Amino acid sequence: MKIDTSKSQTLFPTILASTVHDIKNSLGIVLELIRQLASKQQGGESEDFSQLEFEANRINHSLMQLLVMYKIDSNKFSLDIDEYLALDIINEARAQQDVLSKLNSVRMQVDCNDDLLCYCDYPHISNALGTILNNALRYTHTAIFISAGEEDGYLKFCIEDDGQGYPEHLLAADLSDAADMDWVKGNTGLGLYFVAMIAGLHKNNGKTGFVKIDNQSRLGGARFSLFLP
Amino acid sequence: MSFNLAGKSILIVEDYPAMRKAIRDMLYTLGADIILEADGGVNAINAMAKTSFDVVLCDYNLGAGKNGLQVLEEARYRKLIGNKCVFVIISAEQATGMVLGAMDGKPDEYLAKPFNAQQLSTRLQRNFARKDYLACVEKEIERGNLPKAILNCEKLLAAGDKKMHSQLLKLRAELAISSGDFETASKLYRDILANRELPWARLGLGIIEFQQNHFEQAATIFEQLIKDQPMLMEGYDWLSKAYEGLNNLNDAQAILHRAVDLSPQSILRQKKLAVTADRNGNLDVAEKAYRATVNLGKNSVHKSCSDFAGLAKLYSKTNANDEALKTLKAMRLEYGSSMEAELRAATLETELYKKLGNEEASEEALQKVIDFNNQLGGKIPKDLQLDIVKTCFLTDQHDKAEEILSGLIKTHIDDEGFLDDVRRMQSGIGMDNHSEVLIQKTKQALIATNNRGVALYKQGKYKEALDLFEQAFDSLPDNKTITLNMLKIIIHDLKTGDVSEEKVLRAKSLFKKGRQIGIDPHKLGVLQMELSDVSRQRLAASSS
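Protein sequence lines, in the order shown, are assigned to chains A and B.
For the first sequence, our numbering begins at 148 and goes up steadily by one.
For the second sequence, our numbering begins at 1336 and goes up steadily by one.
Bear in mind the hints are in silico, worked out from the structure with no lab data behind them.
Predicted model, so just to flag it, every value in this text is computed and none were measured.
Only true hints are included.
DSSO-like cross-link-like pairs, simulated, lysine-lysine; straight-line CA separation at most 30 Å:
| id | chain 1 | residue 1 | chain 2 | residue 2 |
| --- | --- | --- | --- | --- |
| 1 | B | K1497 | A | K303 |
| 2 | B | K1562 | A | K303 |
| 3 | B | K1717 | B | K1690 |
| 4 | B | K1498 | A | K359 |
| 5 | A | K223 | B | K1505 |
Stretch by stretch, here's where chain A covers chain B in the computed footprint (C-beta under 8 Å, at least three residues):
| id | stretch |
| --- | --- |
| 6 | 1447-1453 |
| 7 | 1456-1465 |
| 8 | 1494-1506 |
C-beta: ideal position from N, C-alpha, C; glycine also.
Only chain A is shown next, with the shape it has when bound in the complex (with noise of 0.2 Å):
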């Protein structure tokens, strides 16, 4: 078959859209029946479904980092910057990755007042955080802690962990330089350059978004740290 390139150009989107399009069917199809399954099954492989479920939810992020990526390359990127509970999207973040927790049986608690506002893009803020969970919850050994509150005129989200910690590389690492590659390899490093990227896009009265992480821990593990100006 021969390819006619001035109209491959065209095409791409198109079929890129369909592609992620079908890729997405299939995936809500699998971890659905994930969970169905998982529900059914008692005791044994609850291991091997969890790891189902963070993997698939791994492939679901790495879809949605290409797809963003490839629309602020060809310059169809902007945010959609609104005013948010963030309560809400903290419990957004936790609902995309509740059946993994469930299944990891991790405790999770939650400290963030009912009426703290947040202005952001809800979408990729929300995703951003469900990211940085899903990890989380891949390497904490019991518990994690959420929070989110006002600090130096930035609205700082939390997620912590009774984990391992981030590796010496990571903590390292200069989050806002992609040019490192080698920190950015691996899934860990490539969700948080993901993340960074995003928190980066936003701005605000001469401030921009950016992201920190450390072993402090009130848990005793890693911890990861969004502002948003």
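Given chain A, put chain B in place with the hints provided.
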């Protein structure tokens, strides 16, 4: 789990059976017991025509046929869903809202695939809570009772719920715009913007300038807005309207073109581009946009035979006569027994067959035009009447042409855009300035009537003023200025003089007429607010 969907009627619209089943299973875990399914747009519309649903979960991508937004558009247009129904568009992508939004209705929620039961439940809970909270305002808006809607909105604002505050302010500002209270709306938006730069508030400020005919200021705001928010389609739509207001049709076309490139799925936007490019003489752009419009029309409630006719006219202009006839044939297939479609086809065929030298067919078509025109009369859309006038001039039916034309000018004497269309049509057939005398005479007659009516009104002779305007309707039917003046007089009379049921009824029927003939909603809104003040004062007086 405390949240339960038992007793709620839910419709799933999804073309992929395995996905339908997955969603259904999720809904079962949330306690749902009334679930209906549709595998495509047409079946979804049929289901909504039969049942009033509490929740519609509709996939955006439904394969062949309508897409999810076209389903929503049609459901809203045909009033198949009430303001209590939560309509969710399920899409494969994040943040499709802005791109697809505007010129089409907006759903209550976009949900990205894949999602689980917990996500669905969180979103539905939030929407039910919001709808319950705003019901007292939305209900009055749906009823058309603006004053009551504003009153209820003020009450909610006074209650001071911080969580809903922003949404209420947005709604309050929109209500202020609808009631012509631009000062309040502008203050609300400025207060919001002082705290935070939010696109909808910036857009609102632009709309306020536009509604007051400050097109220059409006354009400046919208230009900056789309620079900051390049994917906000509403910004492009309003900017093109502002350019149109400035009579800058080239920039209007350019901006519509950019919007269509970013978001090609909106039929109304494509049509706007087609018509604008056609006016500008950019026939290539117009042809492409008309073809897109006709294509999108296959699945849209906004489809119209005028789109086919527009394309056929375009072909006729470039002497692609066979293409034109082919397009008309396709139109007949799509619109079978519609008189309007037949009339549009015959009008163009008269001209086309004449050009092709087929005098007999041309005359036959012309006879059809004249017969249909006599049957339908004033019910024919103005653009089609103008086409008929053109055809009559071209076939030497001058008396018929003048008759229709004079009616058109008198009815639409307020509509400068349409008068320009009349002038353009005449120049196109070598009759420059043909109607200028009639247009000027009609304008003067209107001004004279207005002056006399206003003078009578100032002398306190309300009845005489109203009679004068009523008579003026004979020669200037459906005139907006006269309708508005009559409303002002009646309301002033009610404020200062006796209140009678008869006067109130007359005011109400004039409001109805005003809406029918397309007076700006905010101009009617101001008067509606005044009328409601009168009724309230009357109630207060009678109870004291």
